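Letter by letter, the chains look like this.
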Amino acid sequence: MSAGTSEEHPHRSAGATGDDLIVAGVSKRFGGVPALSDVSLTIEAGRVHALIGENGAGKSTLGKIISGVIERDEGTLTLGARTLVLRSPREALANGIVTIAQETAIVPGLTVAENVYLGSEAATMGFVHRREARRRFRALARHVGFDLSPDVLAGNLSTADKQKVDIMRALSRNASIVVMDEPTAALSSDETTALHETIRSLTRRGSAVVLISHFLSEVLSLSDRITTLRDGRLVRTIDAKSATEESLIEGMLGRSLIAAFPVKAPADPTAPVVLEVEHVSAPGVVDCSLVLRRGEILGISGLVGAGRSELARAIFRDAKVSAGTVRLENAELTGHSPHRSIHRGLALIPESRKEMGLLMGRSVRENVSLSRLDLVSRLGWIAAIRERRAVSKVMEKTNVKAASMALPVMMLSGGNQQKLLFARSVMCSPSVLIADEPTRGVDVGSKRAIYDLLVEMAQDGMGIIVISSELEEVLGLAHRVLVMRHGRICAELTGDDMNQQAVLAAAFAENIVG
Amino acid sequence: MTKQSADDGDVREDDLGRVGLRAGASKLVQSWRMAGIFIPFAILFVILSITSQPFLHTTNLINILDQQAATLCIAAAGTLVLVAGGIDLSVGATYGLATVVAGEIAAHHSPVLAIAAAIVTGLVVGLVNGLIVTVFKINALITTLAMSFVIGGVALKVTSGNLIVLSQNSGFYRFANAQFLTIPSAVWMTLFFVVVLGLLLSRTTFGRYMVASGGNAEAARLAGVRVNLIKVVTFTLSGGAAGLGGAIDISRLLSAQAASGGSALSFTVLAGIVVGGTSIAGGQGSVWRTGIGVLFIALIGNGFNLLGIDPLYQQIVLGLILLIAVGLDSWVRLRRR
Chain V
0 MSAGTSEEHP
10 HRSAGATGDD
20 LIVAGVSKRF
30 GGVPALSDVS
40 LTIEAGRVHA
50 LIGENGAGKS
60 TLGKIISGVI
70 ERDEGTLTLG
80 ARTLVLRSPR
90 EALANGIVTI
100 AQETAIVPGL
110 TVAENVYLGS
120 EAATMGFVHR
130 REARRRFRAL
140 ARHVGFDLSP
150 DVLAGNLSTA
160 DKQKVDIMRA
170 LSRNASIVVM
180 DEPTAALSSD
190 ETTALHETIR
200 SLTRRGSAVV
210 LISHFLSEVL
220 SLSDRITTLR
230 DGRLVRTIDA
240 KSATEESLIE
250 GMLGRSLIAA
260 FPVKAPADPT
270 APVVLEVEHV
280 SAPGVVDCSL
290 VLRRGEILGI
300 SGLVGAGRSE
310 LARAIFRDAK
320 VSAGTVRLEN
330 AELTGHSPHR
340 SIHRGLALIP
350 ESRKEMGLLM
360 GRSVRENVSL
370 SRLDLVSRLG
380 WIAAIRERRA
390 VSKVMEKTNV
400 KAASMALPVM
410 MLSGGNQQKL
420 LFARSVMCSP
430 SVLIADEPTR
440 GVDVGSKRAI
450 YDLLVEMAQD
460 GMGIIVISSE
470 LEEVLGLAHR
480 VLVMRHGRIC
490 AELTGDDMNQ
500 QAVLAAAFAE
510 NIVG
Chain H
0 MTKQSADDGD
10 VREDDLGRVG
20 LRAGASKLVQ
30 SWRMAGIFIP
40 FAILFVILSI
50 TSQPFLHTTN
60 LINILDQQAA
70 TLCIAAAGTL
80 VLVAGGIDLS
90 VGATYGLATV
100 VAGEIAAHHS
110 PVLAIAAAIV
120 TGLVVGLVNG
130 LIVTVFKINA
140 LITTLAMSFV
150 IGGVALKVTS
160 GNLIVLSQNS
170 GFYRFANAQF
180 LTIPSAVWMT
190 LFFVVVLGLL
200 LSRTTFGRYM
210 VASGGNAEAA
220 RLAGVRVNLI
230 KVVTFTLSGG
240 AAGLGGAIDI
250 SRLLSAQAAS
260 GGSALSFTVL
270 AGIVVGGTSI
280 AGGQGSVWRT
290 GIGVLFIALI
300 GNGFNLLGID
310 PLYQQIVLGL
320 ILLIAVGLDS
330 WVRLRRR
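Quick note, the sequences are listed as chains V and H, same order. Take the first sequence: its position 223, counting from 1, is numbered 222 in numbering that gives the first Met the number 0, and each next residue is one higher. Take the second sequence: its position 309, counting from 1, is numbered 308 in numbering that gives the first Met the number 0, and each next residue is one higher.
Treat the hints with caution; some may be incorrect.
Cβ pair distances, simulated, as ranges [said to hold, decoys possible]:
#1 Glu331/V with His107/H: 53 to 59 Å
#2 Lys156/H with Ser321/V: 43 to 49 Å
#3 Thr493/V with Val195/H: 15 to 21 Å
Below 27 Å or equal to it, Euclidean Cα-Cα: the simulated DSS-like pairs (lysine-lysine) are [as the list claims (entries may be wrong)]:
#4 Lys263/V with Lys396/V
#5 Lys353/V with Lys396/V
#6 Lys136/H with Lys353/V
#7 Lys263/V with Lys319/V
#8 Lys136/H with Lys319/V
#9 Lys353/V with Lys319/V
Hint data in this document are derived by calculation from the structure and do not stem from the laboratory. Owing to the predicted nature of the structure, the values given are computational and were not obtained by experimental measurement. Yeah, the Cβ is synthetic: ideal placement off N, Cα and C, and Gly gets one too.
With the sequences and hints as input, model every part of the structure.
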């Protein structure tokens, strides 16, 4: 994480006007499995309280209990003198508690202003005062410093802007407690900076912010108090001042992680070229060229919307390529189908595993073998035993942990789902793998496993392109980094030039000049 | 590295406990879903056997199968369309067109030519449906609804609105009525067709691709599945099945008319598929269960007739059963989120 790493906490001394939310002995079980056991903490008004932990540690569950999405089994919630019974987000809202989730809750067919005031429209006899709504919207937008037009259809906005709509909705209702579940996971770094500023302004107004995040640098820079959860239990609540990234990871894992990234094996500069992209232009991509060698990990960085995923799609021949050539192992890649690319030895792990990667309701086995059923079938007839054997082989290689191959993938943890996509790619035995956001929404332990996997695949002779919004990830894994801006590759960094400052400078170059 | 593997061990234990339990619950729902249609079918069968004297007679049972031959074929292929994420409402009209085409040809030419023409007509209509849906990206429901009007019009044009009556044209009559082990060939053909499509869906790469295309088209495409090709093939099969169904029925009844089939047939087929537990959202389904679903609806009709109940109630009951089937499907899907 790059943005918002300022060390001071200007809002810490801000006068708290609201009441503190006291969570006492809260427990929750899902089908007999405890998701949260006897958790107690105090969320102080005017402060940012972070909840951290691995996937499945219970932080989202706690967030949802506070915001009324799910009901607790035991324990109490007290806000000031009131004991809260929250059976729905609506009841939470009535108590001034608002949630901003990673998946935004906007109505795509309504305008931005209509979304912000949805459910609280100023109206007479059912007729909405549109001008009044717009005026209120402008005032609010000025107040929070968002540059959003009230009349744009919300469905046309980027994820970051949709989130802003959510936040404005919360603010328009004078929320005293705002629960944010991974608010910056889908944002580029300048948008993240803006959101961080918003969070600070929320606390200045006396609201409490409950921040659930995987990004430790973000947690450290924004929070006043940090609660670590593990396996549904509270490990500790500490002052953010006394915390470090290492101590937080240690709390989450129960021991210290020696290194976040595997040791880099030096890339062989004389290794044969496996992928050559020459002057490729496609929607969102302008005149991009790159070269990838066997065993090399190439990182692509840049802001969200800079054209990274679009470039990946163009190389994969899944976009209308208007100019340029892609050569895979010295032969031109033609055609417009992922089917062809895969069979030529190019694999893609798409940025969103749920929408673009997996058949969530189907079995692990079917998901893994999907790309290369031809390997385990004869004349279209699937040989069940061969399929199971092939799948279990690649699952072992990629460390996918599943109780059974017949399990629907939605039953797996995020990390295992992601590893499953790697298993599918390994089964394709590609010469080049493009991994787009390979660790999005994955817990710390699985992240490391995926890093190890990427390094191992490179050592096996694959050429790997890693696209990531997490700068540390790109820098920690790649031998070489390309930075994209406005669809172009604007910098290539190697060796000592590969550092956060250089990447950010390239990604933001324009802003510095302007 | 050793530290790392220790960590993996932790994760797995944790995952296994949690997953094991949830998997158990899911399995129960899943197997219940599998058994879903068999249980009411069996109950209905037993009730009819007890309450109606003529029901359990071989003649009656074979008769039901014979009458349902066309519907079974069309519903089996329609299951594939639904699983692959489409829907085909034009099968009724296609069936009608196929019968009149076959009728016109059978009156003057060889029965083989007539049967082939019926099937080819269906295949062509299905292919057109598939191409419109995939190439022009028009919603399958609207495409096939519109096409059913077009096809209906063409069928009327072919016959000029007249009823075609065939004499006991020996060869053509034998197509569906030849007896083997006292069971007519229509039933044998249907059985063969349903089994082939059932295996196609459950045991072949093509079936797997259909499931993937219907379950998550974008993911399937990026995984290398030629989603459009798969969809076109399912629509073509559906059209072909409607053609086959038309050929079987005209051979059984020896008369053809443009208005036969129509939307009533399309809806009966869809009802059978959905009652059988195939998801209208795609990505999930089974040809076997569709077969049971179609027969379940047929049993209700047969039972009402045998027991002498007002056919009015038959429609009401059918509608309610359909609602329950769709309701269960969306409930199961909702529970999974």
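We went through each hint and held it up to the structure:
1. Distance hint check: the CB atoms of Glu331/V and His107/H are about 56 Å apart, consistent with the given range 53 to 59 Å.
2. For Lys156/H and Ser321/V, the Cβ-Cβ distance of about 46 Å falls inside the hinted range of 43 to 49 Å, so the restraint holds.
3. At roughly 59 Å, the beta carbons of Thr493/V and Val195/H sit outside the given window of 15 to 21 Å.
4. Distance hint between Lys263/V and Lys396/V is fulfilled; the C-alpha atoms sit about 20 Å from each other, no more than 27 Å.
5. Pair hint Lys353/V plus Lys396/V holds up; C-alpha atoms about 22 Å apart against a cutoff of 27 Å.
6. Distance restraint check for Lys136/H and Lys353/V: the Cα-Cα separation of roughly 23 Å lies within the 27 Å cut-off, and the hinted pair is therefore satisfied.
7. A threshold of 27 Å between alpha carbons decides the hint, and for Lys263/V with Lys319/V the separation of about 36 Å lies outside it, so the pair is violated.
8. Distance hint between Lys136/H and Lys319/V is fulfilled; the C-alpha atoms sit about 17 Å from each other, no more than 27 Å.
9. About 24 Å separates the Cα atoms of Lys353/V and Lys319/V, which keeps this hinted pair within 27 Å; it holds.
In summary, the structure is inconsistent with hints 3, 7 from the numbered list given earlier, while agreeing with the others.
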